[in-house]
Amino acid sequence: MKSAALGFSVFALLLALVPATGNNYFVQQATFVCMYCALALSWNIIGGYAGYPSFATAAFVGLGAYAGALLQNAGLPMVAAWIGATLLTGTFAAMLGFGLLRMRGHYFAVGSIAIVEILRLVAEAWASLTGGGEGLNVPILQGGPAFAGRVFLYAMLAVMVAAFVMTWLVERGRLGFGLRCIQQNEDAADMVGIDVTKYKTIGFTLSALFCGTVGAVSASWSSYIAPTDAFSILMTLKVPVMVLLGGPGTLLGPVIGAASFTVIEQTVWSRFLDYNQAALGIVIVLLIFFLPGGVLGRIGKWRAGRRRAVLVPAAPGRAQGAAS
Amino acid sequence: MVYLQVIVNGLTLGALYACLAVGFSLVWGVLNVINMLHGSLIILGGYLTYFAWFHWQVHPIVALVPVAAAMFLLGWVVQASMINRLVQQPVLTTLTVTFGLDLLLYNAMNVAFDATPRRVTLDLGTLMFGSVIIAWDRIVAFVLALALTLLLYVVMRTSSAGRAIVAVRMDREAASLMGIRINRVYAMTFGIGAALAGACGALMALVFPITTNISGLLLGKAFVVCVLGGLGTVPGALVGGLVLGLVESFSGHWFGPQNAVLIGFVLMLVLLMTRPTGLLGRKGYE
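If you read the sequences in order, they're chains A and B.
Once you know that position 200 of the first sequence is 200 in the working numbering, the rest is easy, because the numbers rise by one and skip nothing.
Positions in the second sequence are counted from 1; adding 1000 to them yields the working numbering.
Calculated directly from the structure, the hints in this document are not laboratory data.
The beta-carbon is built from N, C-alpha and C at its ideal position, and this holds for glycine as well.
Please note: incorrect hints may appear among the correct ones.
[Unchecked claim] With the Cβ distance kept under 8 Å, some of the chain B side facing chain A (calculated, not the full set):
no.	residue
1	L1086
2	L1092
3	T1093
4	L1095
5	T1096
6	L1101
7	A1108
8	Q1258
9	N1259
10	V1261
11	L1272
12	M1273
Pulled out of the complex, with its shape left as it was, chain A reads as follows (with noise of 0.2 Å):
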């Protein structure tokens, strides 16, 4: 756990460094980085140690945009916007888990989704208030793109840390045991005395927290949100799939299932743009057939296969077929 703070914070100091090299792009790389994780650790907490298949990460990032934007438009500071917003997300995953969560398995999966799809529809519909399919336009951050470029950029790391230390506190504390144990069996952890409905509950509200600050921010960054993509169904297949990348569960499998599924897209399949979703569907099937368990089960697998071959040296082939 402790390699795992130390390479976490030297990944975090690398993203503060970008603006170092003077390249706009580079930073706008390193927000969107940032930005994932944060969602990536975030889901992680009800997706990988509850083991509840969340799909709702878009309804939290979309509505902590919504309420972001609607704040500053109503005259508050950027950040007391922020603030608000995810005060808000934090309270509506909290009254939402209340029902959402008496589901499990595929009920719970189709819940999610269609949370989604219902505060769309909402946002659609209610144009006083959304502005409705036309969008919202959030007031442009002062100082010239390279200074916004920065600001926002140390914005979302500051979320991604905060995410990645509520991780850890999560990992540490009673909260993560209890999360695990319900991931095993719910049935027995209810039984042994945990209390099922306030742990889940936690959890969701702390999986949705910094989803909303995210939100918010990236509403301030693009200064203007719109209801398909605020609350985008693709947003909420990717997170859970990068986390599956990484390695569910884990501390840094998020952190490293992000960063490296942004970088791929960013460079490789960004370039074609036609065939956008057939790449992101290709590395799906790809993830689920030939990695399970992510990276970090994977090294995990390989390293208990070594220990094994270092205790029986007689079998080396057994060690082998353990670790692949």
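With the hints as your guide, set chain B onto chain A.
Okay, now just chain B, sitting in the frame of chain A:
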């Protein structure tokens, strides 16, 4: 009597919804897989029908059979080569993988056919029934949708393949011990689901303009119908479809059509939270 018209509209729509969801519901009930591909399979069926009509003047009702057969083969191959290996995995895995395949198919269709809305226009005229007006192509689609749903019901009740599917749905292990080849039944079930999606797409092309952009919307309808009616049974899908059709028709009449979809989703969510086994559902299906 404006309400009579609303009811008729709701029922014709509802039969299509039932046909749209029955294959999805079967796959979910038997394989325990949420098939995110379903919406795109419907669109593919619709496109195939449209192109057969547009290029070779094949009547859509004639095209229905080969389209469904081709879709059955596609579904069989997808299931046998890929999803069969993941059936026992948690929902996160199966849903993600079918979502990935959906993106692939969606993108391929966009590149191959582009997203222009296309519709088979037969110009059959309308039927006046007192003050109620119904377009003939809607009646054709309505009758065929009901016929297809009924056909599936008969197949599931009487054929040995249908009985095997029902047996696997009830108890996978016991069915396996009775000598049913599970993987084959799964492939067949997925094939039937895809065939029904294709047939439904053919009917949809008669009534609505078909475009890849509505595949997500259709998938959402399948969710709602399944939750309304309960999983894995033909009567459940029929009831769910008709209820959704009526709900959308009435809420469109009262609150405007833009809110009809929203009301369907909210209804589903409320039902999920209070009665997750559906209106006709039995207890014990998870």
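Hint check against the structure, violated hint numbers in rising order: Going through the list in order, the structure violates no hint and respects every one.
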